[in-house]
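Number of protein chains: 2
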Amino acid sequence: MMKAKVLVTPKQGILDPQGVAVQHAMSQLGMSCVTEARVGKVIELTFTGENEQKTREKLDQLCQELLSNPVVEDYHILWEGKTA
Amino acid sequence: MMKAKVLVTPKQGILDPQGVAVQHAMSQLGMSCVTEARVGKVIELTFTGENEQKTREKLDQLCQELLSNPVVEDYHILWEGKTA
Numbered sequence: 049m050m051k052a053k054v055l056v057t058p059k060q061g062i063l064d065p066q067g068v069a070v071q072h073a074m075s076q077l078g079m080s081c082v083t084e085a086r087v088g089k090v091i092e093l094t095f096t097g098e099n100e101q102k103t104r105e106k107l108d109q110l111c112q113e114l115l116s117n118p119v120v121e122d123y124h125i126l127w128e129g130k131t132a
Numbered sequence: 049m050m051k052a053k054v055l056v057t058p059k060q061g062i063l064d065p066q067g068v069a070v071q072h073a074m075s076q077l078g079m080s081c082v083t084e085a086r087v088g089k090v091i092e093l094t095f096t097g098e099n100e101q102k103t104r105e106k107l108d109q110l111c112q113e114l115l116s117n118p119v120v121e122d123y124h125i126l127w128e129g130k131t132a
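Residue numbers (the working numbering), protein chains in the order written: chain A, 49 to 132; chain B, 49 to 132.
The set of hints was computed from the structure by calculation and includes no laboratory data.
As the structure is a prediction and not an experimental result, all values here were calculated from the model.
Some clues are possibly wrong.
Repeated chains share a single entry, so a pair holds when one copy, or any two copies, can fit it.
With a cut-off of at most 30 Å between alpha-carbon atoms, the simulated BS3-like pairs for lysine-lysine come out as follows [unchecked claim]:
hint	residue 1	residue 2
1	Lys106	Lys53
2	Lys89	Lys59
3	Lys106	Lys89
4	Lys53	Lys102
5	Lys51	Lys102
6	Lys59	Lys106
7	Lys53	Lys89
8	Lys89	Lys51
9	Lys89	Lys102
Hey, can you work out the whole structure from these sequences and the hints?
Dropping the structure here:
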C-alpha cells in the first residue's frame, strides 16, 4: 500500500478570489500578519500494487489530465511511501 | 517571512462523494490501483512578523474557527520555515 497527496494550487499570477477572502477573514480575526492566502485542493490517494515506478508515472499523467487544470493550476505530489 | 500550508481533509468515516468520483474517474483512466481518494482543501499562507510562536498559536486557533469545520474535517499544518 502506498499513499500520496496531490496539492493543486492556482498558478502565481492567477486571480484567486477565495484566497483573497480567506486573507481578509483572517485579518479581521486578528491575523493581519497574513500577506497572502491561496486556496487550492488536496487529493489524498491510497494505492495497491507493486509497480511503484509505473504508479508514479501514471499518477503524474493523471494529475495533468484529470486532477488539475494545467492552464491555471500547478500540482505537486507528496509521496508518503509504503505503509504496509 | 514565513510560509505554511494548511491541509483540510474530511475526517475518516465521513462520506466524501467528491473523493469517490475522483477514484472512479482515475479507475476509468487506467489507475484501478487507487483504492481510496479523499478530496479536501489546501490553503497556502504567507506571513510577515517576528513572533513565530504567537503566529503558530494563532493559526492553530483560526484553523479550528475559520479554515476547517472540526465536526467533519481534520486539519494539518505544514510549516515551511522562514524564507527571508
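Quick rundown of the hints versus the structure:
1. Taking the shortest Cα distances, Lys106 and Lys53 sit within 30 Å of each other both inside one copy (14 Å) and across copies (26 Å).
2. Within a single copy, Lys89 and Lys59 get their C-alpha atoms as close as 13 Å, and across copies as close as 16 Å, so both meet the 30 Å cut-off.
3. In this homomeric assembly, Lys106 and Lys89 come within 30 Å of each other (Cα to Cα) both inside a single copy, at 19 Å, and across copies, at 23 Å.
4. Proximity of Lys53 to Lys102 under the C-alpha cut-off of 30 Å is found in both arrangements, the shortest distances being 17 Å within a copy and 29 Å between copies.
5. Within a single copy, Lys51 and Lys102 get their C-alpha atoms as close as 14 Å, which meets the 30 Å cut-off; across copies the closest is 33 Å, which misses it.
6. In this assembly of identical chains, the alpha carbons of Lys59 and Lys106 lie at most 30 Å apart whether taken from the same copy (23 Å) or from different copies (27 Å).
7. Taking CA atoms no more than 30 Å apart as the test, Lys53 paired with Lys89 passes in both settings, with 10 Å inside one copy and 11 Å between copies.
8. In the homo-oligomer, the alpha carbons of Lys89 and Lys51 lie at most 30 Å apart both inside one protomer (17 Å) and across protomers (17 Å), since each shortest distance falls under that limit.
9. Proximity of Lys89 to Lys102 under the C-alpha cut-off of 30 Å is found in both arrangements, the shortest distances being 24 Å within a copy and 27 Å between copies.
When each numbered hint is compared with the structure, no violation occurs for any of them.
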